[in-house]
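Please work from the sequences and hints to get the whole structure.
Protein chains in written order, with the working numbering: chain A, -15 to 302; chain B, 4 to 294; chain C, 1265 to 1524.
Fair warning: there could be bad hints in the mix.
For each label pair, taking beta carbons as the anchor points, the in silico distance ranges come out as [as the list claims (entries may be wrong)]:
1) A:Q287 <-> B:L158: 45 to 53 Å
2) B:A13 <-> A:S60: 41 to 49 Å
3) B:W118 <-> C:H1351: 53 to 61 Å
4) A:Q287 <-> C:L1383: 23 to 31 Å
5) C:A1399 <-> B:P90: 56 to 64 Å
6) C:A1399 <-> A:L289: 53 to 61 Å
7) C:A1502 <-> B:A181: 55 to 63 Å
8) B:L276 <-> A:L(-7): 17 to 25 Å
Treat the hints as calculated values from the structure; they're not laboratory data.
Just so it is clear, CB atoms sit at the ideal spot from N, CA and C, and this is done for glycine as well.
Chain by chain, the residues run as shown.
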Amino acid sequence: MRTPNERTLLCIGAAAALLVVGALVGSYPAYLLGLAMVNVIAAVGLNLLVGNSGQISLCHSSFMAVGAYSSSLLASGAGLPFWAAIPAGSVVAAIVGALLGLPARRLHGIYLALATLGFLQIVQIVVEEFADFTGGVRGLNTAKPTLLGSPLTSYGVYCVVAIVCVLAVWLAINIKRSRIGREFDAVRLSPHAAQALGISVARVKLTAFALSAAYAGLAGGLFAILVGFIDPNEFGIAASLRQLTYIVVGGLGSIGGAIVGAALLSGLPELLRPIKEYTDFAAALVLLGALLFMPHGLASAWQRLTPKPKATWRGVPA
Amino acid sequence: MPASFYVQLAIAGISVGSVYALIALSIVVPFKASGVLNFGQGELATLGAYAALVLSQFGLPYYLVAPLVIASGALIGLMIERALIRPVIKAPAFTVIIATFAIGLAIKSAIALHWGDTPYGVAGPFGDEPLVFNGLRANPTSLWIVLCTVAITALVGGFFKYARPGKAMRAVSINPEAATLMGIRINGSYRWAWGMSSAIGALAGLLVAPVVGINPEVGGLILRGLVAAVLGGFTSIYGAVIGGILVGLLETFAAVGLGGTVKNLAPFLVLLLLLAFRPYGLFGSREIHRV
Amino acid sequence: MSPRLELVDVCVGFGGVRAVDGLSFSVAASQIRGLIGPNGAGKTTVINAITGVVPILSGEIRLDGQRISGLPAHVISRMGVGRTFQHVEAFGELSVLENVLIGAGRAADRGLLSYALSLPSARASEASVRSQAMAALEAFDLLAVRDERTSGLPFGLLKRMDLARSMVASPKLLLMDEPTSGMSESEADSAIATARELARMHRTTLLVVEHNMRVMMSLAQHITVVQFGSLIAEGSPAEIQANPTVIDAYLGEEASDAVH
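Written out as structure tokens, the structure reads:
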């Protein structure tokens, strides 16, 4: 268990490493890495909601869509620079997440799953119907991000994604190791005990929804400038399931697991691009396989291989 | 608008609603029996539709196609239950829900892989000439759908009330331990439930194929079916059917009164409102909810 | 001066069955009150009603004169009401330390952003919570197992953890539901002595439901006896042990146990 300062240094080191790697590899591998990092952000956010606070959500991709569309519209419509539009998109997504979280507080299990599914459908329909704003089914071109007047190169966009990704992971680790993270776990493990210890289960669920939506919105905004185009098909139920696959394979509740799961499995759609139709089928099989054979994910396998030392106590042993 | 217009609309709504009712039924039956909500149920309707396509391409007449579709639906359902559901049934709700989703996605993408996006058509069993009665026009396929739904509902209701396996399933759903003590085999109960529900789902796909065509998106019906099931209270067979009819009517009247966007949004807005204020629907029982 | 806890004509029921029927009693501050009664007397329901987990049909429950019946459970907890659980309700996947940290978290109230950005105020709050938790672990002799996952630990140890977890935030009123069940005699004596000492230090009022009569008679200063959800006797341990109504109630239970 590292101290907060060690963690910060490690993250700065990781960011530096990513920037160097991005400069060294060609532009297509860097683009793929960028996609992987966007998925990492989304997965880490989803993990806080599903893995830590135990709320099921099938509409994570919808919050990505909200972030993508709102940041794009703010950039092209209101002329916001990308470094303001993307965080603003994340905030919009967080607000929408809170709005969904309000009624969701009293739901659990299949009812919560249904509510998030219904919300997903509503977002998809809204995107299609308000085509004047969203481009409808044909999609939306995003404005090229500019810094100090000149447009960002693809390496510039990569750097933005890398830095934001590391920052997002750092924030998530801090949250998870704090009172907030413990309250998430408490609500998941025993709502009764949590209540008895003064934790408002309803408020924790709402916070978890809003926080995970903020992460998804951030990922969506970055996705939009990385790809340059928003395709509504990227934000449907298949995408939500893919994100769930990342965290299930990685290990629910583990940030490291979410990172590894997202990074490893992100490559799949691109690898299968020549046979694009197989993507959904492969994703479904991976998810099923993970649920059946590795229900606790890679993180728990890792934990079993690297046992923690027993607690030492300065004093007379029991 | 003359009264006959509204009656026509109602007939259309009831017909659409009947398909939703069948889907809702196929969701509620295994849920009552095993507590598992099969999010992949819609894909069984897709399977039914494509099975009908394949069988009719062999030149088989409708009265042979229909039972074969039902039988293959049941078979596939049993296979899924044995291979994929049985292992995860003890897992937490999250795992089971996601697993059923993944199964559905696997089926859908496998179908899309083989047949592609090309929409196929199939003729209705009684042709497309509308029947006219007292100035009211009705599509014979629509009437056939309603008839089948009524028949299936009666069969399912009767099965649960009078047939031995059906009564056993009710016992299991009320109290699994007591049921086991009385000699009822729980696994057998689950098998019946899944077999029945997939058969009904496949039938729904077959019935709706002449109306919406055959394409991988047929499974989207499940969304309306889920709204219907929630409306009906999730544990009531008749509630599911009534819920389906209501959703169908809602959609049909909303389309005419308020336009396409609202028509698409309406079922999901209803769903969210229901879940927010009355998750046990019209006929379900209130759960004691502590936290 | 209002009593620390006051129940006034409280009724709790589920579907026609009255678990608690017109129960009234009060507990003065810093007192140690026992709550006993034959099985099914409604003791756990009383605790659930006080902590707000279960709604009451009528009557009122007051903490230091202030009405708490009808408030949400977590609000009642934050007002200073703690409880231990008959079946512990541990946060299974978490370690013993993390369980107690959650108990202590009531004191920490930095916002989400402070924790996310690892601000000094958040770090200070976390350090303070951690030291409170460690002190509680030490008091209940749990330091050696602090990093062990609670799922898989022996029941008696978990009961000690539950005590530590509920006492770490120094509640005004602590409701203890069968605190020594699953413990050996020496474990029970030690844990109860610690609890009593901590309660004395923080002026915590204790309301203890306990089947172990030896523990109850030595711990409680005053005992309330309920049967079928109503009060049948109140008094000192000696008075209660000699009370014929109480003996009848328990004998009746023994007799019916013997028949079945």
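Original post:
So which of those numbered hints doesn't the model satisfy?
Top reply: Going through the list in order, the structure violates hints 5, 6, 7, 8 and respects the others.
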